[in-house]
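Enquirer: Sequence:
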Amino acid sequence: MLKIGINGFGRIGRLVARIAIKHPELELVGVNDLVPADNLAYLFKYDSTHGTYQGTVEAKPDGISIDDCFVPCLAIKNPAELPWSKLGADYVVESTGFFTTYEGAQKHIKAGAKRVVISAP
Numbered sequence: 057m058l059k060i061g062i063n064g065f066g067r068i069g070r071l072v073a074r075i076a077i078k079h080p081e082l083e084l085v086g087v088n089d090l091v092p093a094d095n096l097a098y099l100f101k102y103d104s105t106h107g108t109y110q111g112t113v114e115a116k117p118d119g120i121s122i123d124d125c126f127v128p129c130l131a132i133k134n135p136a137e138l139p140w141s142k143l144g145a146d147y148v149v150e151s152t153g154f155f156t157t158y159e160g161a162q163k164h165i166k167a168g169a170k171r172v173v174i175s176a177p
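Quick note on numbering: the working numbering labels position 84 of the sequence shown as 140, and the sequence is numbered without any gaps.
Quick caveat, the hints were computed from the structure, so don't treat them as lab data. Possibly wrong hints are sitting among the right ones.
Said to hold, decoys possible - Subject to a maximum C-alpha distance of 25 angstroms in a straight line, what follows is the list of computed DSS-like cross-link-like pairs (lysine-lysine):
| # | residue 1 | residue 2 |
| --- | --- | --- |
| 1 | 142 | 59 |
| 2 | 163 | 59 |
| 3 | 170 | 78 |
| 4 | 101 | 78 |
Throw the hints in and build the complete structure from the sequences for me.
Expert: Printed below as a string of structure tokens:
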């Protein structure tokens, strides 16, 4: 099973989460965004581009529940301080638009991610 973390839960981050939830060989181990979990749950459920998510989505105190899968939500500005190692993230999708360089990706590696996929225009 491939464990995925997402940094930035905008359009790309939410799309990655939708894909991860639908594929049993992928596990979404954490989402980092500065927006509160209740807003993240709403934005995931009601996506203006990809439509309403047909499964169940619910905000929890420390994350969101998507189809009975709990996903921890974090709000940490510096990627080097994220607990990717503790969460067991194999890959991190960097979709904030802020950490698009090698040096930015290295912050996720320092935090315990094995690989980083950068999404940037």
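Enquirer: Okay, which hints does this one fail, numbers in order?
Expert: The structure breaks none of the hints.
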